[in-house]
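Chemist: Taken in order, these protein sequences are the chains called U and D.
For the first sequence, counting from 1, position 13 maps to 13 in the numbering used here; every step adds exactly one.
Position in the second sequence (first residue = 1) + 1000 = the numbering used here.
Hints may be right or wrong, so weigh each one.
Far from chain U, some chain D residues (derived; all Cβ distances over 10 Å) [stated by the list, open to error]:
1) Ala1006
2) Ala1011
3) Arg1016
4) Gly1017
5) Lys1032
6) Ala1053
7) Phe1056
8) Leu1063
9) Ser1065
10) Glu1068
What follows is a list of derived Cβ distance ranges for each label pair [what the hints assert, rightly or not]:
11) D:Glu1068 x U:Arg142: 21 to 31 Å
12) D:Glu1014 x U:Leu117: 58 to 68 Å
13) D:Leu1005 x U:Leu103: 29 to 39 Å
14) U:Gln92 x D:Val1041: 38 to 48 Å
15) D:Leu1005 x U:Leu117: 43 to 53 Å
Rather than coming from a laboratory, the hints here were simulated on the basis of the structure.
Beta carbons are placed, not taken as given, at the ideal position from N, Cα and C, and that holds for glycine.
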Amino acid sequence: MGDVDLVEKAERLGRKRSQIFFVLAMVFFAGQSIYFGAPEATRDSPPRVGAWLILVILMLLLLATGGFLLRGREVRHLLNDESARANRLAAQATGFWATILALLAVYVESMFDLVTLNEAVHIVGTIGVGAALISFAVRERRAHQLG
Amino acid sequence: MAERLANRLRAEREARGWTQAELAARVGVSRKTINTIENGVFVPSTLTALKIAESFERSVEELFSVVED
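Next comes chain D alone, as it looks inside the complex:
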């Protein structure tokens, strides 16, 4: 069974009224990286996942989860 990384980035970002560029600036990555993570195309490194979690003041587990397709 295939596993993939699901995330709640878009929901958390939109709840705060942030654009992708604003979140990218907080995390220190490009908007494209945020975009590809939100869309499940790119799996971020542990470092970036931690930075994203820090930006949202959430734990990594609250933002990312493993789901089976």
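This is chain U alone, in the form it adopts within the complex:
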């Protein structure tokens, strides 16, 4: 038999994770308005692009692992058990479809307006990663609140 305290700890962390992921996604989306609001001359400065890339990699890492990498193995096992993995897979599928739709939208937009490569990467990357993150957060939150 496992440890009930461990299950309750994983429960608390799981709830916290869904909130953190949701807030992170919102911050990520908000960051894009700052990017597109900046003058074109400074929009793609190395620090700005670097910060965005680090954020994207961090979020992809969270999506791939479920986060809490520094927690004990047993807690991580509970946090990433089969229902969490199923939610993560479904979220990744949502991210895939969001990415494709964003890509098509950018492609159509480029027929009428100039879209730079950097802008396209920002739009597609932000929508794809952000949608996956929100999808996971919402699925996890719903699962915690059932019953």
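Using the hints provided, position chain D relative to the given structure of chain U.
Modeler: Chain D in isolation, oriented as in the chain U frame:
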């Protein structure tokens, strides 16, 4: 006709006076997983279904059944 997996987890658990967290600890999954299985939102893997059955000392067929809506 749509088919779904029905289960008797809540009834069996409550009959034993166990909380979802207690059952989760016995099975080795999160409380959320037990909660979503009980509510029919999540269909467990064969491995988890077998572990749940083992925890209740029941057969999988006694706990899970296919129903048509």
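Chemist: The structure should be examined with respect to each hint, and the outcome stated for every one.
Modeler: Status of the hints after comparison with the structure:
The non-interface label for D:Ala1006 is consistent with chain U: the shortest C-beta to C-beta separation is roughly 16 Å, beyond 10 Å. Against chain U, the non-interface label of D:Ala1011 holds: every CB pair exceeds 10 Å, the least being about 14 Å. Residue placement check: D:Arg1016 keeps its beta carbon more than 10 Å from all beta carbons of chain U (closest about 13 Å). Its beta-carbon lying about 14 Å from the closest one in chain U, D:Gly1017 satisfies the requirement of being farther than 10 Å from that chain.
For D:Lys1032, the condition that its CB be more than 10 Å from all CB atoms of chain U is violated, with the nearest at approximately 5 Å. No Cβ of chain U comes within 10 Å of the Cβ of D:Ala1053; the nearest lies about 15 Å off, and the non-interface call holds. With a cut of 10 Å on Cβ distances, D:Phe1056 stays outside the contact zone with chain U, its closest approach being about 13 Å. Under the 10 Å C-beta cut-off, the non-interface status given to D:Leu1063 relative to chain U holds; the minimum distance is some 17 Å.
For D:Ser1065, the requirement that its beta carbon stay farther than 10 Å from each beta carbon of chain U is met, with the minimum near 20 Å. For D:Glu1068, the requirement that its beta carbon stay farther than 10 Å from each beta carbon of chain U is met, with the minimum near 23 Å. Look at D:Glu1068 against U:Arg142: about 26 Å separates their beta carbons, and that is inside 21 to 31 Å. Roughly 59 Å separates the CB atoms of D:Glu1014 and U:Leu117, a value that falls within the hinted 58 to 68 Å.
In this structure, D:Leu1005 and U:Leu103 meet the distance hint of 29 to 39 Å, their C-beta atoms being roughly 37 Å apart. The hint said 38 to 48 Å for the Cβ distance between U:Gln92 and D:Val1041, and at roughly 19 Å that hint is violated. Range check, D:Leu1005 to U:Leu117: about 48 Å between beta-carbon atoms, so the 43 to 53 Å window is met.
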